[in-house]
Amino acid sequence: MKDMDDSSVTEDGRTIGGVVMEMKNITLRFGGVVAIKDISFDIREGEIRAIIGPNGAGKSSMLNVISGFYVPQEGDVWFRGSKRPAMRPYEVARQGIARTFQNIALFDGMSVLDNVMTGRLNYMKTNIFQQALWRGRAEAEETENREVVERIIDFLEIQAIRKTPVARLPYGLKKRVELARALAAEPKLLLLDEPMAGMNVEEKEDMSRFILDANDEFGTTIALIEHDMGVVMDLSDRVVVMDYGKKIGDGTPDEVRNNQAVIDAYLGVSHD
Amino acid sequence: MTVAQTQSSAAEMVSLPALLERNAAQFGDREAYREKEFGIWQCWTWSQVQQEIEALALGLINLGVNEGDFIAIIGRNRPYLYWSMVAAQSVGAVPVPLYQDAVAEEMSYVLGHCGARFVIVGDQEQVDKVIEVQDQLPNLEQVIYLDPRGMRKYDYHTLHQYSHVQDQGRAARDEWTPDLQARKAKLTYDSTCVMLYTSGTTGKPKGVVLSNRNVIESAKNSADFDKLTVGENILSYLPMAWVGDFIFSIGQAYWCGFCVNCPESADTMMTDLREIGPTYFFAPPRVFEGQLTSVMIRMEDAGSLKRKMFHHFLAHAKKVGGRLLDGKPVGLMDRLKYKLGDFLVYGPLKDTLGYGRIRVGYTAGEAIGPEIFDFYRSLGINLKQLYGQTEATVFITVQPDGEVRADTVGVPAPDVEIKIDDRGEIHYRSPGTFVEYYNNPESTASTKDPEGWVATGDAGFFEDDSGHLRIIDRAKDVGKLADGAMFAPKYVENKLKFYPDILEAVLFGNERDRCVAFINIDLTAVGNWAERNNIAYASYQELAGHPKVLQSIKEHVQTVNASVAEDRMLSGCQVHRFVVLHKELDADDGEMTRTRKVRRVIVEDKYADIINALYDGSTQISTSTEVTYEDGRKGEISATLDIIDADVVPVRMQAVAAE
Numbered sequence: 001m002k003d004m005d006d007s008s009v010t011e012d013g014r015t016i017g018g019v020v021m022e023m024k025n026i027t028l029r030f031g032g033v034v035a036i037k038d039i040s041f042d043i044r045e046g047e048i049r050a051i052i053g054p055n056g057a058g059k060s061s062m063l064n065v066i067s068g069f070y071v072p073q074e075g076d077v078w079f080r081g082s083k084r085p086a087m088r089p090y091e092v093a094r095q096g097i098a099r100t101f102q103n104i105a106l107f108d109g110m111s112v113l114d115n116v117m118t119g120r121l122n123y124m125k126t127n128i129f130q131q132a133l134w135r136g137r138a139e140a141e142e143t144e145n146r147e148v149v150e151r152i153i154d155f156l157e158i159q160a161i162r163k164t165p166v167a168r169l170p171y172g173l174k175k176r177v178e179l180a181r182a183l184a185a186e187p188k189l190l191l192l193d194e195p196m197a198g199m200n201v202e203e204k205e206d207m208s209r210f211i212l213d214a215n216d217e218f219g220t221t222i223a224l225i226e227h228d229m230g231v232v233m234d235l236s237d238r239v240v241v242m243d244y245g246k247k248i249g250d251g252t253p254d255e256v257r258n259n260q261a262v263i264d265a266y267l268g269v270s271h272d
Numbered sequence: 001m002t003v004a005q006t007q008s009s010a011a012e013m014v015s016l017p018a019l020l021e022r023n024a025a026q027f028g029d030r031e032a033y034r035e036k037e038f039g040i041w042q043c044w045t046w047s048q049v050q051q052e053i054e055a056l057a058l059g060l061i062n063l064g065v066n067e068g069d070f071i072a073i074i075g076r077n078r079p080y081l082y083w084s085m086v087a088a089q090s091v092g093a094v095p096v097p098l099y100q101d102a103v104a105e106e107m108s109y110v111l112g113h114c115g116a117r118f119v120i121v122g123d124q125e126q127v128d129k130v131i132e133v134q135d136q137l138p139n140l141e142q143v144i145y146l147d148p149r150g151m152r153k154y155d156y157h158t159l160h161q162y163s164h165v166q167d168q169g170r171a172a173r174d175e176w177t178p179d180l181q182a183r184k185a186k187l188t189y190d191s192t193c194v195m196l197y198t199s200g201t202t203g204k205p206k207g208v209v210l211s212n213r214n215v216i217e218s219a220k221n222s223a224d225f226d227k228l229t230v231g232e233n234i235l236s237y238l239p240m241a242w243v244g245d246f247i248f249s250i251g252q253a254y255w256c257g258f259c260v261n262c263p264e265s266a267d268t269m270m271t272d273l274r275e276i277g278p279t280y281f282f283a284p285p286r287v288f289e290g291q292l293t294s295v296m297i298r299m300e301d302a303g304s305l306k307r308k309m310f311h312h313f314l315a316h317a318k319k320v321g322g323r324l325l326d327g328k329p330v331g332l333m334d335r336l337k338y339k340l341g342d343f344l345v346y347g348p349l350k351d352t353l354g355y356g357r358i359r360v361g362y363t364a365g366e367a368i369g370p371e372i373f374d375f376y377r378s379l380g381i382n383l384k385q386l387y388g389q390t391e392a393t394v395f396i397t398v399q400p401d402g403e404v405r406a407d408t409v410g411v412p413a414p415d416v417e418i419k420i421d422d423r424g425e426i427h428y429r430s431p432g433t434f435v436e437y438y439n440n441p442e443s444t445a446s447t448k449d450p451e452g453w454v455a456t457g458d459a460g461f462f463e464d465d466s467g468h469l470r471i472i473d474r475a476k477d478v479g480k481l482a483d484g485a486m487f488a489p490k491y492v493e494n495k496l497k498f499y500p501d502i503l504e505a506v507l508f509g510n511e512r513d514r515c516v517a518f519i520n521i522d523l524t525a526v527g528n529w530a531e532r533n534n535i536a537y538a539s540y541q542e543l544a545g546h547p548k549v550l551q552s553i554k555e556h557v558q559t560v561n562a563s564v565a566e567d568r569m570l571s572g573c574q575v576h577r578f579v580v581l582h583k584e585l586d587a588d589d590g591e592m593t594r595t596r597k598v599r600r601v602i603v604e605d606k607y608a609d610i611i612n613a614l615y616d617g618s619t620q621i622s623t624s625t626e627v628t629y630e631d632g633r634k635g636e637i638s639a640t641l642d643i644i645d646a647d648v649v650p651v652r653m654q655a656v657a658a659e
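Residue numbers (the numbering used here), protein chains in the order written: chain A, 1 to 272; chain B, 1 to 659.
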């Protein structure tokens, strides 16, 4: 592996920078169950990093550790050069980490626009009373933030549903709105929990394009969990493979594809 | 201010750049273009537009555009692309707008045929298509793109961002302004204004060359005919490569100085329509059909009071609305009730549809269902029909206010002469008559005779009492059945297509003993029906083969047969057997033109096995069909289709004898 501070350039011309987040010897237990066992890996600036593995491998748990929702019993999380203390999820969000959820978590009764605007919450300084009066600072603030949101709406091509309540949208579009909300936070690290789950081929292609474009256009560092191997291999720069809470592979898609332990985990061999 | 008053210096208005100068001088502060971007309507006044176009024109000279060059323009309707057409004209080049949904091969043919040196495109998708076919295009030199999104990783030797071209133009203003002025001064009434490729139901597209005279005279005549003013607002959403859009969004807009509004994206068109509330509107029948269907579906879901009110007042509108619009006598009580209905139902409905301010609306391209047509007119929307084609710079016949009917296309447009030859084919001659087909003297000669008469390829006749033209069908599609009776497929197909659940129909029977048909169901309408009746389906194919769907289509076919039987000349065209196809006819598969006209010969050839089965008496046919996906990849659909027999009304003796 290359030196950590070294920047590299991928074949399609994107710049991958130094390490943004590092997981050091993470172990996570729920009572007697060991969900994650002594896993270390890093995420570099500007890359798309995938975490894959069969059902129950501990992928979602790992994502929840990164997002600060779970605090591991052992091991440290290093983010942007410093060790991260135990934090509440909103504190993690303020640090610049945004995420989407496997089971969509949007405000159903609110419009797409309002949902995406909630992604800007960390950039709003005025309080509820100022916003209710909507004078001076509050108005200017909304205009600024709305502009960012509108650019993202344009980027994800959801102009036509801007004013539609989320509850009325089909599944594929809801997923896109979730991505919009996460992008609206202008995150330094974006976590995607199974962004293509339950989608048809066309929706998957659209979503893949948006993920690649977001990475390319905004330089967003992305960590994602995904079941669909084809998608993962096409999208990611590097892949971590988990099985039964352990890391069994780590490297470029090609390296991982040829890793015997990975092949076994996916095709199934007896675990004794 | 009326158009007539502003035309004092009409003599010098011989090109669109000249009209632009006039508009900037006379209407400098008026809005010329609006486009919704980032959720807000952005505006440009005529004087701003003049500056934008000038900067681009200077930039084009700077890039090396020569007089007589062709500049292809590809993208969705955006002010910037409309400006590029006039910028191209300003530097003496010829703009060639292309259909943005054309696949790379189609694009390659047109770009190669006109030998375009420059291409101006909307976004990355179009850039990719052009790059894909670049090596087949030796003349192509530079590509200019509008939206920089996703464009960072490209080779910039021959690629330029639109705004950068303008910046370079502004920077080189002193250097190139004299050249630009000289080039503009050379434009005459007979210079080429634009070249538009016809979609071509048969064979390769042909480049129709239209002069400034064609465009400006047609714009002037049609604007006078409908009394269009500088105050109009239109929504430009139809393909820029289509002659109608060129005339409405550029020709008439420049002549009258009115405002062109571009939607945010293709999907937001309905919302944008409502926000703009155009005063002058053009749409093909399918847009009106779609809107009506969605209104009806939404009313099904409304509360019972609202629904009753809606249907009650709609029935009243049907009774008197059309007569009121035509200025015919209507009783006082009926008038009052209509006023009340306008307040309670028609007004709000028109607002919702985006027709609250509409003064003149047109539909053309295909026949519109009489019920749909009457629905809009009964609400007080002055919807009319016109008949035209690219070669005529749109206008051949139009319906004057107060003489509007669903089954005719009106009287000859101003300055248009029409004659009908002994075979029933319509010919016309007008100031809008095209100059030639580019690089295709044979086609030019076979279409336009030395005296300037153009054969339309359509068969029709003038009604004796009203003097209105009625179109029967494409002249070449009109044939004979084996017994000699007239075969006019379009006539029957249109009757079938007026049913909301039938999207497309294709009738066969030329030189045969009886007629059979292909039918495409309308997924929106039938899907909605299925949902309400708890019928589950996974795909278009499954829904199209559902026994209940087949049954209801069969009923429609039989009703149409009964109505066809009443027509003396065409009673032989009743549908004896039909199939509901397993896929929608699609332009990507070459089965339709980009303007959604069926390519009969291709369909007949591709589905020969099904046609055979329709004639040989079998009850089922297994078939597989190649399909092309939007990204150009190919796949295959196979299906077993039921062939349905439909009852026909016995043809009376005189029907055959009428021949």
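These are computed hints drawn from the structure, not numbers from a lab.
Incorrect hints may appear among the rest.
Distance windows between CB atoms, simulated [unchecked claim]:
1) A:Val201 <-> B:Met296: 55 to 63 Å
2) A:Tyr171 <-> B:Asp351: 47 to 55 Å
3) B:Asp586 <-> A:Val201: 12 to 20 Å
4) A:Thr118 <-> B:Lys318: 45 to 53 Å
5) A:Pro89 <-> B:Pro138: 53 to 61 Å
6) B:Glu132 <-> A:Val71: 21 to 29 Å
7) B:Ser638 <-> A:Asn258: 35 to 43 Å
8) A:Trp78 <-> B:Tyr156: 35 to 43 Å
Here's a subset of chain A near chain B, in silico, CB distances under 10 Å, partners left out [claimed, not checked]:
9) Arg14
10) Ile16
11) Val19
12) Glu139
13) Glu141
14) Glu142
15) Glu144
16) Arg146
17) Lys163
18) Ala167
19) Met199
20) Lys204
21) Asp243
We put the CB at the ideal spot given by N, CA and C, even for glycine.
Here is how each hint holds up against the structure:
1. A:Val201 <-> B:Met296: 55 to 63 Å: Given about 33 Å between the Cβ atoms, the range is violated.
2. A:Tyr171 <-> B:Asp351: 47 to 55 Å: 32 Å, violated
3. B:Asp586 <-> A:Val201: 12 to 20 Å: 18 Å, holds
4. A:Thr118 <-> B:Lys318: 45 to 53 Å: 48 Å, holds
5. A:Pro89 <-> B:Pro138: 53 to 61 Å: 60 Å, holds
6. B:Glu132 <-> A:Val71: 21 to 29 Å: Hint violated: Cβ distance 52 Å, outside 21 to 29 Å.
7. B:Ser638 <-> A:Asn258: 35 to 43 Å: The hinted range 35 to 43 Å holds for Ser638 (chain B) and Asn258 (chain A), with Cβ atoms some 37 Å apart.
8. A:Trp78 <-> B:Tyr156: 35 to 43 Å: Because 39 Å falls inside the window, the suggested range holds.
9. Arg14: 8 Å, holds
10. Ile16: This hint is violated: Ile16 (chain A) lies away from chain B, its Cβ roughly 15 Å from the closest one there, beyond 10 Å.
11. Val19: Val19 (chain A) check fails; min Cβ-Cβ to chain B is 24 Å, beyond 10 Å.
12. Glu139: It is violated, given that the least Cβ distance between Glu139 (chain A) and chain B is near 15 Å, above 10 Å.
13. Glu141: 17 Å, violated
14. Glu142: Because about 13 Å separates Glu142 (chain A) from the closest Cβ in chain B, which is outside the 10 Å limit, the hint is violated.
15. Glu144: 13 Å, violated
16. Arg146: 8 Å, holds
17. Lys163: 8 Å, holds
18. Ala167: Since chain B brings no Cβ nearer than about 15 Å to Ala167 (chain A), farther than 10 Å, the hint is violated.
19. Met199: 16 Å, violated
20. Lys204: 14 Å, violated
21. Asp243: 35 Å, violated
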